[in-house]
Amino acid sequence: MPTIKLGNLNIDKIQTAFKARDFSSEELTREYLEAIRADDTNSFISISDLAIEQARQADKLLAQGQATALTGIPLAVKDLILVEGLRATAASKILENYIASYTATAVKRLTAAGMVVIGKTNCDEFAMGSSNENSAFGPVLNPHDKTRVAGGSSGGSAAALAANIAPTALGTDTGGSIRQPAAFCGVAGLKPTYGRVSRYGAIAMASSLDQIGPMATTVKDLAYLLKFMAGYDEMDATSLKAAVPDYPANLNTDIKHLRLGIPIEYFSSKIDSQVKTAIEAQIDNLKKQGFSIKEVSLPYTDYALAAYYLLMPAEVSSNLARYDGLLYGLVADKKLSLDQWYKTVRSQGFGAETKRRVILGTYILSAGYYDAYYKQAQKVRTLIKNDFERVFKEVDILIAPATPSTAFKVGEKSQDPLAMYLSDVFTVSANIAGICGLSMPIAKDRNNLPIGLQLLGRPLGELEILQLGHFIEQTNK
Amino acid sequence: MELDKKQIIALADLAKLELSEEEIGLYQEQLKDVLSYVDKIKDLDLSKVKESLTGIATGALPRADKAKASVPGIIKQAGEIRDSYVVAPNVFNK
Chain A
1 MPTIKLGNLN IDKIQTAFKA RDFSSEELTR EYLEAIRADD TNSFISISDL AIEQARQADK
61 LLAQGQATAL TGIPLAVKDL ILVEGLRATA ASKILENYIA SYTATAVKRL TAAGMVVIGK
121 TNCDEFAMGS SNENSAFGPV LNPHDKTRVA GGSSGGSAAA LAANIAPTAL GTDTGGSIRQ
181 PAAFCGVAGL KPTYGRVSRY GAIAMASSLD QIGPMATTVK DLAYLLKFMA GYDEMDATSL
241 KAAVPDYPAN LNTDIKHLRL GIPIEYFSSK IDSQVKTAIE AQIDNLKKQG FSIKEVSLPY
301 TDYALAAYYL LMPAEVSSNL ARYDGLLYGL VADKKLSLDQ WYKTVRSQGF GAETKRRVIL
361 GTYILSAGYY DAYYKQAQKV RTLIKNDFER VFKEVDILIA PATPSTAFKV GEKSQDPLAM
421 YLSDVFTVSA NIAGICGLSM PIAKDRNNLP IGLQLLGRPL GELEILQLGH FIEQTNK
Chain B
1 MELDKKQIIA LADLAKLELS EEEIGLYQEQ LKDVLSYVDK IKDLDLSKVK ESLTGIATGA
61 LPRADKAKAS VPGIIKQAGE IRDSYVVAPN VFNK
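Going down the list, the protein sequences come from chains A and B. Here the first sequence is numbered in our numbering, starting from 1 and rising by one per residue. Here the second sequence is numbered in our numbering, starting from 1 and rising by one per residue.
Among the hints, erroneous ones may be present.
[Said to hold, decoys possible] Quick list of simulated restraints, FRET-style, between CB atoms:
{"id": "1", "chain 1": "B", "residue 1": "Asp83", "chain 2": "A", "residue 2": "Arg56", "range": "35 to 45 angstroms"}
{"id": "2", "chain 1": "A", "residue 1": "Lys375", "chain 2": "B", "residue 2": "Lys32", "range": "16 to 26 angstroms"}
{"id": "3", "chain 1": "B", "residue 1": "Lys50", "chain 2": "A", "residue 2": "Glu234", "range": "23 to 33 angstroms"}
{"id": "4", "chain 1": "B", "residue 1": "Asn90", "chain 2": "A", "residue 2": "Asn97", "range": "17 to 27 angstroms"}
{"id": "5", "chain 1": "B", "residue 1": "Gly73", "chain 2": "A", "residue 2": "Glu295", "range": "52 to 62 angstroms"}
{"id": "6", "chain 1": "B", "residue 1": "Asp33", "chain 2": "A", "residue 2": "Asn448", "range": "29 to 39 angstroms"}
[What the hints assert, rightly or not] Beyond 10 angstroms from chain A on every Cβ pair, some chain B residues (computed):
{"id": "7", "residue": "Lys5"}
{"id": "8", "residue": "Asp65"}
{"id": "9", "residue": "Ala67"}
{"id": "10", "residue": "Ser70"}
[Stated by the list, open to error] With a Cα cut of at most 27 angstroms, we get these calculated DSS-like pairs of lysine-lysine:
{"id": "11", "chain 1": "B", "residue 1": "Lys50", "chain 2": "A", "residue 2": "Lys241"}
{"id": "12", "chain 1": "A", "residue 1": "Lys375", "chain 2": "B", "residue 2": "Lys50"}
{"id": "13", "chain 1": "A", "residue 1": "Lys256", "chain 2": "A", "residue 2": "Lys393"}
{"id": "14", "chain 1": "A", "residue 1": "Lys276", "chain 2": "A", "residue 2": "Lys393"}
{"id": "15", "chain 1": "A", "residue 1": "Lys343", "chain 2": "B", "residue 2": "Lys32"}
{"id": "16", "chain 1": "A", "residue 1": "Lys287", "chain 2": "A", "residue 2": "Lys393"}
{"id": "17", "chain 1": "A", "residue 1": "Lys270", "chain 2": "B", "residue 2": "Lys32"}
{"id": "18", "chain 1": "B", "residue 1": "Lys66", "chain 2": "A", "residue 2": "Lys108"}
{"id": "19", "chain 1": "A", "residue 1": "Lys375", "chain 2": "B", "residue 2": "Lys5"}
{"id": "20", "chain 1": "B", "residue 1": "Lys40", "chain 2": "A", "residue 2": "Lys413"}
{"id": "21", "chain 1": "A", "residue 1": "Lys375", "chain 2": "B", "residue 2": "Lys6"}
{"id": "22", "chain 1": "B", "residue 1": "Lys5", "chain 2": "A", "residue 2": "Lys343"}
{"id": "23", "chain 1": "B", "residue 1": "Lys76", "chain 2": "A", "residue 2": "Lys335"}
{"id": "24", "chain 1": "A", "residue 1": "Lys375", "chain 2": "B", "residue 2": "Lys42"}
{"id": "25", "chain 1": "A", "residue 1": "Lys375", "chain 2": "B", "residue 2": "Lys40"}
{"id": "26", "chain 1": "A", "residue 1": "Lys393", "chain 2": "B", "residue 2": "Lys48"}
{"id": "27", "chain 1": "A", "residue 1": "Lys108", "chain 2": "B", "residue 2": "Lys68"}
{"id": "28", "chain 1": "A", "residue 1": "Lys379", "chain 2": "B", "residue 2": "Lys48"}
{"id": "29", "chain 1": "A", "residue 1": "Lys444", "chain 2": "A", "residue 2": "Lys288"}
{"id": "30", "chain 1": "B", "residue 1": "Lys42", "chain 2": "A", "residue 2": "Lys270"}
{"id": "31", "chain 1": "B", "residue 1": "Lys5", "chain 2": "A", "residue 2": "Lys413"}
{"id": "32", "chain 1": "A", "residue 1": "Lys146", "chain 2": "A", "residue 2": "Lys444"}
{"id": "33", "chain 1": "A", "residue 1": "Lys108", "chain 2": "A", "residue 2": "Lys13"}
{"id": "34", "chain 1": "B", "residue 1": "Lys42", "chain 2": "A", "residue 2": "Lys379"}
{"id": "35", "chain 1": "A", "residue 1": "Lys413", "chain 2": "A", "residue 2": "Lys93"}
The set of hints was computed from the structure by calculation and includes no laboratory data. Just so it is clear, the structure is predicted and the values come from calculations on it, not from any experiment. Beta carbons are placed, not taken as given, at the ideal position from N, Cα and C, and that holds for glycine.
Using the sequences and the accompanying hints, generate a full structural model.
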């Protein structure tokens, strides 16, 4: 078997190698599985025992000339997303042995295009966290510095890409869970518009905010994955019917007409000076390239995180009520009363952050506080939506930092939930307003840690942010 | 907003969680911090603002309520199954 160099691979390079018969999908898949077994970042929770068979099928399609751009490409799937026959733990003890009984639509579409699921990646429990330290399977370490966090909640997917143990991955993003770990690990990640990708088969955290999205080492690879994942699905009542553009085929068009905006609220004192300098240098670069760029204001930005930490826990406490240990998941002693059974299963099965958010959500939704908190937060959502609607009349894309700092140390914020929550400050607005956002690496700080740029687009503006991201990637080479 | 120990215990009970003394104290402190942060939305005059359930109004209606064959596999992972029923603990305490 040829030894394949897994570093710097992307979809185009792999397809070229398949065509040149440098290696087959099965050989490539075996290399990745071996690399996952040797991994020291804790990026994966489980390896798929269906991978080799899927790769063989892909090789047949490649040999018959019936392949798509994705046929034979290995894919890592966040363990929050269901793949029939594989464990889906949501990184929680309560689902430690749960085997998915059906496949999420997004995954189904990618495997129908020939992708090979190689395994399930680690994440924060039920996607609740910004550091991947809230996993029942242990934290994910950042491949750039293993004393630091990978970010969260899709930390395993981001770290797997950075460690070259998966060429493509799926994550979910409720408040920045794709974009923040992508920024911390120096990879690309896209949160699609709410409804662009079906949520069917994604274990629900906060249903009005959750989206499945692609993660990869290049922006072009995000475009390939999105093309196949996106589109209407009758199994998701919030799925959008809009046509899906051919994203990868339209990346290289002239985009100098795009009007770029700098949201001044994203460049406040909360941001690390090295991150700020890198983003500003990138903006200067784009100006030199001939783009029209102007400052814009999103005045309610400062209230977005507060609204998020009201909306999200309220939805979490409702969604997680289903984990009662009766139909699946952790069980308790049958001699207990039903009430004691529930309490035993949930107290033993949920981790600290999950309990914290369930209690917070229960409080927010309780009589007397619902009007004061949940309803008010939904009104703030309207103001944030209005902010973006107004600004997107003046500009096409917003340029901002993805995170206020680069990756922090393991343990640095784990005892201070509020400090941890503040690391989502630049990403939550996109989820609240339902718009799309892309995070991509543009530089490194003095500790050699990646710095992420964020591009925010209007609803269904994925093509534009992918085009600009691709342009930046090409010109920064 | 103040959260006392009794409230934390009552909330945990509603959420079907059992907390240790240590957890009660810790959550009380931590949730107090979070609530004082989120309280900033009270600075806004929202009296004339409408609520939004989601960011994007997808306009979608629930799909038609069509009957489909049941999927026996769906209860395959229940702790105990007897005669195609899932066995649950006693609902009423003895």
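Outcome of the hint check:
1. Asp83(B) x Arg56(A): 35 to 45 angstroms: The hinted range 35 to 45 angstroms holds for aspartate 83(B) and arginine 56(A), with Cβ atoms some 41 angstroms apart.
2. Lys375(A) x Lys32(B): 16 to 26 angstroms: holds (22 angstroms)
3. Lys50(B) x Glu234(A): 23 to 33 angstroms: holds (29 angstroms)
4. Asn90(B) x Asn97(A): 17 to 27 angstroms: holds (25 angstroms)
5. Gly73(B) x Glu295(A): 52 to 62 angstroms: holds (56 angstroms)
6. Asp33(B) x Asn448(A): 29 to 39 angstroms: holds (33 angstroms)
7. Lys5: holds (13 angstroms)
8. Asp65: With a cut-off of 10 angstroms, aspartate 65(B) remains clear of chain A, as the shortest Cβ separation is near 12 angstroms.
9. Ala67: Given that every Cβ of chain A is farther than 10 angstroms from that of alanine 67(B), nearest at about 16 angstroms, it holds.
10. Ser70: Holds: least Cβ distance 12 angstroms, greater than 10 angstroms.
11. Lys50(B) x Lys241(A): This hinted pair holds, its Cα atoms lying about 26 angstroms apart.
12. Lys375(A) x Lys50(B): holds (9 angstroms)
13. Lys256(A) x Lys393(A): Roughly 17 angstroms separates the two Cα atoms, so the pair holds.
14. Lys276(A) x Lys393(A): Roughly 26 angstroms separates the two Cα atoms, so the pair holds.
15. Lys343(A) x Lys32(B): Since the Cα atoms of lysine 343(A) and lysine 32(B) sit roughly 24 angstroms apart, the hinted pair holds (cutoff 27 angstroms).
16. Lys287(A) x Lys393(A): holds (20 angstroms)
17. Lys270(A) x Lys32(B): Satisfied, since the Cα-Cα distance of roughly 22 angstroms is no more than 27 angstroms.
18. Lys66(B) x Lys108(A): Holds: lysine 66(B) and lysine 108(A) sit about 23 angstroms apart, inside 27 angstroms.
19. Lys375(A) x Lys5(B): Roughly 26 angstroms between the alpha carbons, so the hint for lysine 375(A) and lysine 5(B) holds.
20. Lys40(B) x Lys413(A): holds (22 angstroms)
21. Lys375(A) x Lys6(B): holds (25 angstroms)
22. Lys5(B) x Lys343(A): Measuring from Cα to Cα gives roughly 19 angstroms; hence the hint holds.
23. Lys76(B) x Lys335(A): holds (21 angstroms)
24. Lys375(A) x Lys42(B): holds (12 angstroms)
25. Lys375(A) x Lys40(B): Holds. Lysine 375(A) to lysine 40(B) sits at ~14 angstroms (cutoff 27 angstroms).
26. Lys393(A) x Lys48(B): Between lysine 393(A) and lysine 48(B) the Cα gap is close to 24 angstroms, so the pair holds against 27 angstroms.
27. Lys108(A) x Lys68(B): Holds, at roughly 21 angstroms.
28. Lys379(A) x Lys48(B): holds (9 angstroms)
29. Lys444(A) x Lys288(A): Answer holds: lysine 444(A) to lysine 288(A) is near 21 angstroms, not above 27 angstroms.
30. Lys42(B) x Lys270(A): Satisfied, since the Cα-Cα distance of roughly 22 angstroms is no more than 27 angstroms.
31. Lys5(B) x Lys413(A): Roughly 24 angstroms separates the two Cα atoms, so the pair holds.
32. Lys146(A) x Lys444(A): Measuring from Cα to Cα gives roughly 16 angstroms; hence the hint holds.
33. Lys108(A) x Lys13(A): holds (24 angstroms)
34. Lys42(B) x Lys379(A): holds (11 angstroms)
35. Lys413(A) x Lys93(A): OK: lysine 413(A) and lysine 93(A) at ~22 angstroms, within 27 angstroms.
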